[in-house]
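Read top to bottom, the protein sequences are chains A, B, C and D.
Residue numbers for the first sequence follow my numbering, so the first one is 1 and each next one is one higher.
Residue numbers for the second sequence follow my numbering, so the first one is 1001 and each next one is one higher.
Residue numbers for the third sequence follow my numbering, so the first one is 2001 and each next one is one higher.
Residue numbers for the fourth sequence follow my numbering, so the first one is 3001 and each next one is one higher.
Hints may be right or wrong, so weigh each one.
To be verified - Restraint ranges, calculated between C-beta atoms of paired labels, are given here:
#1 Val1151(B) with Ile177(A): 31 to 37 Å
#2 Ala1167(B) with Trp2033(C): 54 to 60 Å
#3 His1185(B) with Trp33(A): 32 to 38 Å
Said to hold, decoys possible - Here are a few chain C residues that sit away from chain B, every Cβ distance over 10 Å (derived from the structure):
#4 Ser2072
#5 Ser2086
#6 Glu2188
Because the hints were derived from the structure by calculation, they are not lab data.
Bear in mind the structure is a predicted one, so any value in this text is a computation, not a measurement.
We treat Cβ as the ideally placed atom computed from N, Cα and C, and that holds for glycine.
There are 4 protein chains.
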Amino acid sequence: MNKGRLEAFSDGVIAIIVTIMVLEMKAPEGTSWQIIKPLMPKFISYMLSFLFVAIYWVNHHHLLHTVKKVKSSIMWANMNLLFWLSLIPFATAWMGENHFEKVTVVAYAVLALLCGLSFNILQSTICKHYSDNDLLVAVGKGRWRSITAVVLYVLAIPTALFINTIAACSMFLVVSIIWLIPDKHIEEVLDNE
Amino acid sequence: MNKGRLEAFSDGVIAIIVTIMVLEMKAPEGTSWQIIKPLMPKFISYMLSFLFVAIYWVNHHHLLHTVKKVKSSIMWANMNLLFWLSLIPFATAWMGENHFEKVTVVAYAVLALLCGLSFNILQSTICKHYSDNDLLVAVGKGRWRSITAVVLYVLAIPTALFINTIAACSMFLVVSIIWLIPDKHIEEVLDNE
Amino acid sequence: MNKGRLEAFSDGVIAIIVTIMVLEMKAPEGTSWQIIKPLMPKFISYMLSFLFVAIYWVNHHHLLHTVKKVKSSIMWANMNLLFWLSLIPFATAWMGENHFEKVTVVAYAVLALLCGLSFNILQSTICKHYSDNDLLVAVGKGRWRSITAVVLYVLAIPTALFINTIAACSMFLVVSIIWLIPDKHIEEVLDNE
Amino acid sequence: MNKGRLEAFSDGVIAIIVTIMVLEMKAPEGTSWQIIKPLMPKFISYMLSFLFVAIYWVNHHHLLHTVKKVKSSIMWANMNLLFWLSLIPFATAWMGENHFEKVTVVAYAVLALLCGLSFNILQSTICKHYSDNDLLVAVGKGRWRSITAVVLYVLAIPTALFINTIAACSMFLVVSIIWLIPDKHIEEVLDNE
Chain A
1 MNKGRLEAFS DGVIAIIVTI MVLEMKAPEG TSWQIIKPLM PKFISYMLSF
51 LFVAIYWVNH HHLLHTVKKV KSSIMWANMN LLFWLSLIPF ATAWMGENHF
101 EKVTVVAYAV LALLCGLSFN ILQSTICKHY SDNDLLVAVG KGRWRSITAV
151 VLYVLAIPTA LFINTIAACS MFLVVSIIWL IPDKHIEEVL DNE
Chain B
1001 MNKGRLEAFS DGVIAIIVTI MVLEMKAPEG TSWQIIKPLM PKFISYMLSF
1051 LFVAIYWVNH HHLLHTVKKV KSSIMWANMN LLFWLSLIPF ATAWMGENHF
1101 EKVTVVAYAV LALLCGLSFN ILQSTICKHY SDNDLLVAVG KGRWRSITAV
1151 VLYVLAIPTA LFINTIAACS MFLVVSIIWL IPDKHIEEVL DNE
Chain C
2001 MNKGRLEAFS DGVIAIIVTI MVLEMKAPEG TSWQIIKPLM PKFISYMLSF
2051 LFVAIYWVNH HHLLHTVKKV KSSIMWANMN LLFWLSLIPF ATAWMGENHF
2101 EKVTVVAYAV LALLCGLSFN ILQSTICKHY SDNDLLVAVG KGRWRSITAV
2151 VLYVLAIPTA LFINTIAACS MFLVVSIIWL IPDKHIEEVL DNE
Chain D
3001 MNKGRLEAFS DGVIAIIVTI MVLEMKAPEG TSWQIIKPLM PKFISYMLSF
3051 LFVAIYWVNH HHLLHTVKKV KSSIMWANMN LLFWLSLIPF ATAWMGENHF
3101 EKVTVVAYAV LALLCGLSFN ILQSTICKHY SDNDLLVAVG KGRWRSITAV
3151 VLYVLAIPTA LFINTIAACS MFLVVSIIWL IPDKHIEEVL DNE
């Protein structure tokens, strides 16, 4: 009950983040291909970020499910995560507006990395308080995902800078696909509840 | 209890979708008829989409009511629906901005179709897990609606392309009216609960 | 429990309506009085509308509190109210943008009237289903308020057209003040619960 | 249960306030340093305000936690707080847009002061109704914070006007840091619950 508001507030912020990104795609006056074409990178950028934020929501859902009582430290670790997530619409629009130019992809990777680190901090903060929780153990077993994500985001930065922006964006996609694989440990615990 | 956040998040996203559409109608400086007139197609477009999204919310409400435990597959089927719904404000604005031009109506029909298919996928995903649920059986009996909707959206595409955009928009309205007819099966189950 | 989502969705929509109005006040580049001055009517318009929507939220809160089971008819009466409320940011911005010009004040009065009528429809729809409810009886006793509001909004239309826009806006304020007077009947019932 | 909607509505409004601020940072077309540089004051302004609103949310959470039944007076004191908080995105954008110019910093300080006073009013309104509540006593013990905040915001006004805007902004930061120190009294009560 105590954690209801923390979840509600996070849900609100994440729902808004996901939805305002679409506002960046201004509806053009005109319907010719030439007018629609510049919207394409923005659309791809939007899809990438929708998936990115959706994954955070699903994991946030699993993680907070393990919490029984909200401590101030959990609140602030959560706020920290929400702050970095709230910058995603900006990074998305910037990348889309400039057709995935090198600097914008690097900025996106840095931001994704900061989001990943913040999620790891939130995980650690929660783990410190609740070590005897089945779901939490399952979340812990799936922790290689959030660590792999961080590693891949770190690698995406030099990749975008020195090799290729498409390669870097593919690494973002790989991270998303890793997260989309259903986590058997978590599913099991949720089923037995 | 477990599904509370799924509902809250969906409510948040749908509430934002419905409300940001109104932002597309910029308040004009001036009050003459000539200045207000171009707002009319945008307003009609907004009304159409408000009704469209409102119907999804009501049906989403009935459908999720049947769910007892949230599985990852349900979460992602729901995310998929929310993604396509989140593009409605863009399609609405584009159609309103260009006075219901052919291409924009086709785009709207395609998007409506994708939303309809996503809703059907969500229904199937939920049906797979809960087959012994009275309300779900009632929702199943009303499934001809969501199938009719998909069929009419498919037909609206060639109609807009080769016949008439007003005829295509009328088909959108017909779908909405079908959904507005109270569903006796669902009402009964909800009453007996 | 069943009504939780209806409340959550309404809360979401009303929260967004209230908050996006502030987006109409674009932060100007510059700090001189001449640059800030044109913001004044927008600010007054915002304050008026914040109060207007806040009153609707408080009354919606009391009214929905009386509902035990959500029927489709209540859902749609609620959607109808939310639709007209969602146009308030547009009417607010238009009135502020054009310094409370006659036509814009009339438009605001018409919209306020439609919101008032929709609230009355929602009240009637709920009364039809629950006639044995203490709180509902109390809400019913306070119904002279929502009827007075409708009457005053009707009168505000010719007032703005033929007499004076300031007089019409004052009538909006009078309605708000009437609603701000605490309702003893409702307070009593809520206390005894 | 009764207070659920008050919390949900407040959560919605605060979530939107926090998130729409980021919309003020328009993604620029171009990636050169000269194009990104003017975004810096906006970004700092955003960080400052995110922290500001986040602190209000955490304290609002603790304070409302103490409420058992919602009275109309609490509802309106809460609405008053939300109104002033809703102006934060405007003040933030104005300050960022004009590179922390004197008048904009003063305006921010005045608004912060009004938010602080509104929070104190909400505290007093709640205290009047519930004097036998452990958490409320703990909140009361931490009241020196909200009073210090108000005092510092008052002092920030002449500081910005006659001394230095950076000094004034530092005072905003000091207030934030004071609030970030974990409150032992509240933590204890929440632990023992």
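Now for the hints, and whether the structure bears them out:
1. Taking 31 to 37 Å as the suggested C-beta distance range, the pair valine 1151(B) and isoleucine 177(A) conforms, at roughly 33 Å.
2. A hinted range of 54 to 60 Å for the beta carbons of alanine 1167(B) and tryptophan 2033(C) is consistent with their spacing of about 56 Å.
3. For the hinted restraint 32 to 38 Å between histidine 1185(B) and tryptophan 33(A), the CB-CB distance of approximately 46 Å leaves it violated.
4. Non-interface status of serine 2072(C) relative to chain B is broken: a Cβ of that chain comes within 10 Å, the nearest being about 5 Å off.
5. With a minimum CB-CB distance of about 5 Å to chain B, serine 2086(C) fails to clear the 10 Å threshold, and the non-interface call is violated.
6. Consistency note on glutamate 2188(C): stated as away from chain B, and its beta-carbon is indeed over 10 Å from all of that chain's, at 31 Å minimum.
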